[in-house]
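What follows is each chain in one-letter form.
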Amino acid sequence: NAGVTQTPKFRVLKTGQSMTLLCAQDMNHEYMYWYRQDPGMGLRLIHYSVGEGTTAKGEVPDGYNVSRLKKQNFLLGLESAAPSQTSVYFCASSPLMRGTNTEAFFGQGTRLTVV
Amino acid sequence: ELKVEQNPLFLSMQEGKNYTIYCNYSTTSDRLYWYRQDPGKSLESLFVLLSNGAVKQEGRLMASLDTKARLSTLHITAAVHDLSATYFCAVDIITQGGSEKLVFGKGMKLTVNP
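Chains as they are written, first to last, in our numbering: chain S, 1 to 115; chain U, 1001 to 1114.
Some hints could be false.
Dumping the calculated DMTMM-like pairs for lysine to aspartate or glutamate here, alpha-carbon to alpha-carbon at most 25 Å [to be verified]:
id : chain 1 : residue 1 : chain 2 : residue 2
1  : S       : Lys9      : U       : Glu1058
2  : U       : Lys1068   : U       : Glu1015
3  : S       : Lys71     : U       : Glu1001
4  : U       : Lys1003   : S       : Asp26
5  : U       : Lys1041   : U       : Glu1015
6  : U       : Lys1003   : U       : Glu1044
7  : S       : Lys57     : U       : Glu1015
8  : S       : Lys71     : U       : Glu1015
9  : U       : Lys1041   : S       : Glu52
10 : S       : Lys14     : U       : Glu1001
11 : S       : Lys71     : U       : Asp1092
12 : S       : Lys9      : S       : Glu59
13 : S       : Lys14     : S       : Glu52
Pair ranges (Cβ atoms, derived) [claimed, not checked]:
id : chain 1 : residue 1 : chain 2 : residue 2 : range
14 : S       : Leu22     : U       : Glu1044   : 33 to 39 Å
15 : U       : Gly1016   : S       : Leu22     : 22 to 28 Å
16 : S       : Leu69     : U       : Met1013   : 29 to 35 Å
17 : U       : Thr1028   : S       : Thr100    : 15 to 21 Å
18 : S       : Lys70     : U       : Asp1066   : 24 to 30 Å
19 : S       : Lys70     : U       : Lys1017   : 38 to 44 Å
Hints are computed from structural coordinates only; laboratory data are not their basis.
Built from N, CA and C at the ideal position, the CB exists for glycine as well.
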């Protein structure tokens, strides 16, 4: 019963390096989200996707890119990491919530440190 | 721009006491979610509130939604140490493009002391 799986769980990057965070869900959900969590800031939406091949910007998209080539996967890319991107990143997925009584399900998080 | 505000952001209370925490939001929505997060862990769904007047209870927690006031409350009854965690509310909104997205409050860190 995997649910939402994030890879990797921890990563340290040097400023200017690039990396990709992978989110995989096995619940056939349409929606997928990337959030970042910083102390005192709650969860802020970076990008989201409403279906395979679609992406949209959230509240804090600058410095990140995303792709949803397959329905089950949502990738978050950092092209040139900056210390301000040090954060805990959470992926979530949900079905179309309107008309249902379900919610979004979260992965375990990726702790990223940029030095 | 949608704002989701939680009040208070930090709460320290004694075991056995009652307390209510609040979640206000600034735009029309009839769906609100409460999540719990333990330190270093992911978010766990507590309640899904789908309409005005919705009330749900689980153990010592009871959540309600007033969509006209754009307010949700989370009431804690006879707190126990195991309730210590951070509690988030999240509002489901429809974007201009017709898609949904979840917007979170900053979270309320609850500490229950013996």
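Cross-check of the supplied hints:
For the suggested pair Lys9(S) and Glu1058(U), the alpha carbons sit about 31 Å apart, so the restraint of at most 25 Å is broken. Note on Lys1068(U) and Glu1015(U): the hinted pairing is violated, with a Cα-Cα distance of about 33 Å set against a maximum of 25 Å. Distance restraint check for Lys71(S) and Glu1001(U): the Cα-Cα separation of roughly 29 Å exceeds the 25 Å cut-off, and the hinted pair is therefore not satisfied. Distance hint between Lys1003(U) and Asp26(S) is unfulfilled; the C-alpha atoms sit about 31 Å from each other, more than 25 Å.
Between Lys1041(U) and Glu1015(U) the alpha-carbon distance is near 23 Å, which keeps this suggested pair within the 25 Å criterion. The suggested pairing of Lys1003(U) with Glu1044(U) holds, with an alpha-carbon distance near 22 Å, which does not exceed 25 Å. Proximity of Lys57(S) to Glu1015(U) is assessed by CA-CA distance (about 43 Å); at most 25 Å being required, the pair is judged violated. Using a Cα cut-off of 25 Å, the hinted pair Lys71(S) and Glu1015(U) is violated, with the two alpha carbons roughly 45 Å apart.
For a cut-off of 25 Å, the pair hint linking Lys1041(U) to Glu52(S) is broken: about 28 Å separates their Cα positions. Taken as a hint, the Lys14(S) and Glu1001(U) pair is broken in the structure, with Cα atoms around 34 Å apart against an allowance of 25 Å. Pair hint Lys71(S) plus Asp1092(U) holds up; C-alpha atoms about 21 Å apart against a cutoff of 25 Å. Of the pairs offered as hints, the one joining Lys9(S) and Glu59(S) holds, with about 23 Å between alpha carbons and a cut-off of 25 Å not exceeded.
Using a Cα cut-off of 25 Å, the hinted pair Lys14(S) and Glu52(S) is violated, with the two alpha carbons roughly 32 Å apart. Remark: the range hint 33 to 39 Å for Leu22(S) to Glu1044(U) is contradicted by a beta-carbon distance near 22 Å. Between Gly1016(U) and Leu22(S) the CB atoms are about 45 Å apart, so this pair departs from the stated range of 22 to 28 Å. Roughly 48 Å separates the CB atoms of Leu69(S) and Met1013(U), a value that falls outside the hinted 29 to 35 Å.
Between Thr1028(U) and Thr100(S) the beta carbon distance is about 19 Å. The supplied range of 15 to 21 Å therefore holds. Range check, Lys70(S) to Asp1066(U): about 40 Å between beta-carbon atoms, so the 24 to 30 Å window is missed. Separated by about 49 Å at the C-beta atoms, Lys70(S) and Lys1017(U) break the suggested range of 38 to 44 Å.
Comparing the model with each earlier hint shows violations of hints 1, 2, 3, 4, 7, 8, 9, 10, 13, 14, 15, 16, 18 and 19; every other hint is respected.
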